[in-house]
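J.: Given next are the chains, with one letter for each unit.
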Amino acid sequence: MFRSRVATLGVAALVLAACGGNGTATQEKKTELTLYNDKGAWTKYFDEMGALSKQRIGLGMKPTGYTDSAQYQAFIKASFRTNVKPDLFTWQTGGMLEEIVKQKQVADTTAVWQEAIKAGDLSQDLAPYYTIGGKQYCVPMNVAYWGMFYNKKLFDQHDLTPPQTWDELIKVADTLKRNGVKAFYHTSVLFSFVWFEQLMAGTDPDLYDRLSTGKAKYTDPGVVQVMERWKSMIDAGYFINPGDKTDPGDVLKNGKAAMVSFGTWFNTSMTQRDMKAGTDYGFFVIPNVNAALPKTSMIFESGPLCSLTKAADPEASMKYLKWWTSAEAQEKWATSRGDVSANPKVAIQDEALGAVTKDAGSGTYRLVNRYFEATPPPVLTAALDGFGKFVTEPGSYKEVLETIQKAADEYWSTHQ
Amino acid sequence: MTRSPVLGRFRHGYVAPAAILVAVLLYAPFVWTAYLSLTRYDGLEPPAWVGLDNFVKLLGDPALLTSVRNTLIWVAGTMVLPVGLGLLVAVLSYDLRGGVWYRVPFMLPYALSGAGLAMVWSPVLSHDGIANLLLGVDTAFLQEAPQNTLAMLLVWTWQQLGVNTLLFVVGLQSIPKEPIEAARLDGASGWRLFRHVIWPLMRPLTAVVVGLALVASLKTFDIVWVLTQGGPGRNSETLAVTMYKETFVASEYGYGSAVAVLLTVVTGLASYLYLKRQVR
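Line order of the protein sequences matches chains H and V.
The opening residue of the first sequence carries number 1 in the UniProt record's numbering; numbering runs sequentially from there.
The opening residue of the second sequence carries number 1 in the UniProt record's numbering; numbering runs sequentially from there.
Some hints could be false.
Rough simulated footprint, nothing fancy, chain H against chain V, three-plus residues with beta-carbon under 8 Å [claimed, not checked]: (1) 40 to 47; (2) 161 to 167; (3) 182 to 195; (4) 250 to 256.
Worth flagging that the hints you see were computed from the coordinates, not collected in a lab.
Don't be surprised by glycine CBs; every beta carbon is placed ideally from N, CA and C.
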C-alpha cells in the first residue's frame, strides 16, 4: 500500500514537473526569436527582416501575426503570466505602454536609445513617446505621419492642386462635389476616429491633448464645435457612405472618393495596387482649420517593438532591438513597405513622404499623438463606438459626446 | 445484474480523466468568470474586489438595453424564420415526389461557419453591395437599427433553414402511419390533419429543434461580429457581442465577466423554463 502511494506521488511529481515549465532551468541561448505582432498583413515584410537579421547578426526572427488587435492584446497580457512568452512583440505607445511598464513586464531599453541617438539612428524628438519615469522602453518599430492621400488623376481632371489652407481644402471638396465626385473617405468601424482627431488637432491641439489626459471634457464647447463642423461637412455631402465596405486603397484607386486621410503606412496599400506616387496619387499635409495656430498640427504615431524583462534570452532580444534601429535594418524595413522610417539616416524614395519626414524632423509641424494611442482603452472603445454612430447619424453628436464623457469620467476617477 | 468487483473498485478511476477534463476546462473557467464579475480587472493588475458594482453598473447601462432588445429580436426571429420556415418546407416537401431534391439547396449553406457565412454576405449587404444593386435601392442594410439585426437574421435563416428542415423531415418520417391513415379515413386532411394529428406526434422533436435554436440565438456572436462589430455605435450588439467588447476590446475584464454571467443566467433560465414546459 505504502509503495503504491509512493509510486503515485512519484508519477504526480513527474507530471507536475513536466507542466511546471523551466522556472529554474538555465537561460536559453537563442538563434531565432519569435516576434508576435498585430500586423498580420505585414508578415511578408517581417519575414524579409528575419532573413536579413539572420545574415547580419546571426539571429533569425519568426513573426506570428494577429489580425484582430483585441485578441492580440489579450494574448500578450495573458502571456505575462505564463511561460509562453514572446521574445519580441509589438505594442502601442501612450497609456497602453505605460500600463505594461508599470507592471514591470517590459525590458528597459534606455541604453539602446542613448547609443542610437548618439549614432544618429534615432531622433531625440521621438524619445518622449517611449519614456516612462525617465527611462525608455521598447524601440520604434515604425513611425507614421498622417496626411491626405489623393487621387492625382481626379485632381488633374478637375484642375485641382493640393490645398494650403482649410478654406482651399473646402473649395476643393466643393469643386469635386459639383462634378459628382465624393471628396473624402470615412468609415463607421475602427478608423471612425480619424476626422475627429484631425479636426480637433487642427482647431485646438491643446484641447486635444487635455482631452487625452482627462483634463478636458468631451462636452466642452470647443469639442462640441468640432463635432458641429464635422457634421456640417457630412451634411454638405463631402463624404462617401460610412457603410461602404470597399477597402480604402481601392476607394482611392477607383476614385470612389478623391481623398483618403491615413498614416504614411497607407503608402503600402498604394504600392500593393501598383499605383505610382506622383502619377496616380499624391500626399499632402492637411492644413489647420484654425489659421491662427503657430504650427500646422500633424497627427503622428509610432508603434513600439518591445521585449520582456523575463524574456527567454534577454541578451538576444536586446541585441535584436539594437539592430532594428540601425540604418541597415531601417533601410530594408522602410524600402520594402514603401514607408517612412524612424531612422533619420534612411532616405525615403517617395518624394512627398520624404519631404514630410524631413520637415517633421526639423520641427516645422506640431506633432500630435494619434487618438488611438493617446486615449485610454475604455475611453477609446466608447469613442470608436460613438464616432461610428455619429457618422451614420450626424444629428446624434451631443448624445455621442455625453456617452464618451461618461466612459472618460469613469476611467479618470480611478486613473488620475 | 451483479456489479463486477473489479469494475466496482475502479469505477471512479474510469470516470476520473473525463471528470478532471470537464472540471478544468469547463467548471474552473466558469467559477473564475463568476469571481471576476465581482472585481475590477484590466488583465494586468490583480483583480480588485468591487462586490456587485459591475452588476449595478450593468443594469443602468443603456447599451445593455440595446443588447437585450437585439438578443430578444434574435430569439423571436429565430423561432419564426429558421424554425417556422423549416417546419413549413419540411411539411410541404415531405409528400412530394423527389422532395429530397427540393431540400438539398436549403442544406448546403449549413456547411459554412458563422464567420464564413458573414464574410460571404458582407459584400451583399454593405452599402455599396450586391443587394442594393440588384434591388435598385439605396438602403443601409447594416447601419440602421433594428433593420441591421433583421438583415442579419435573414442571413442566419439562409443558413439554418436546411438543418431545421432536415430535423423536421426526420420527425415526420418517425410518425407511425396508422394514426394518420385512421385520421384520413375519418375525413381529416390538410391543415386539420396537421394541427390535430401530425403536430402533436412531432412534439418531442420540435422540443429539441426549438431548444437548440433558443440557445443558439441567445448566444449569437460570430455573424454580428464579422458583419457589423455590434455597430454602428452599439446598435446591433447582442449580449454575447457586448461581453466580448467589454472584455477584450475595452479591457474591462470584470465588467465583461458580469455580462457573461448575465448571459449564462438568461440562457440557463430560458432553457430550463422551456424544457420544463415541454416535459410536463
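J.: None of the hints should be skipped; say for each whether it holds.
T.: Tested hints:
1. For a cut-off of 8 Å, the count of residues in the segment 40 to 47 of chain V with a CB near a CB of chain H stands at 5, and the three-residue condition holds.
2. Three residues within the 8 Å Cβ limit are the bar, and the segment 161 to 167 of chain V against chain H gives 0, so the coverage statement is violated.
3. Counting residues of the segment 182 to 195 of chain V whose C-beta lies closer than 8 Å to any C-beta of chain H gives 0; at least three are required, and the coverage claim is violated.
4. Counting residues of the segment 250 to 256 of chain V whose beta carbon lies closer than 8 Å to any beta carbon of chain H gives 3, which reaches the threshold of three, so the coverage claim holds.
Hint compliance for this structure: hints 2 and 3 are broken, all remaining hints hold.
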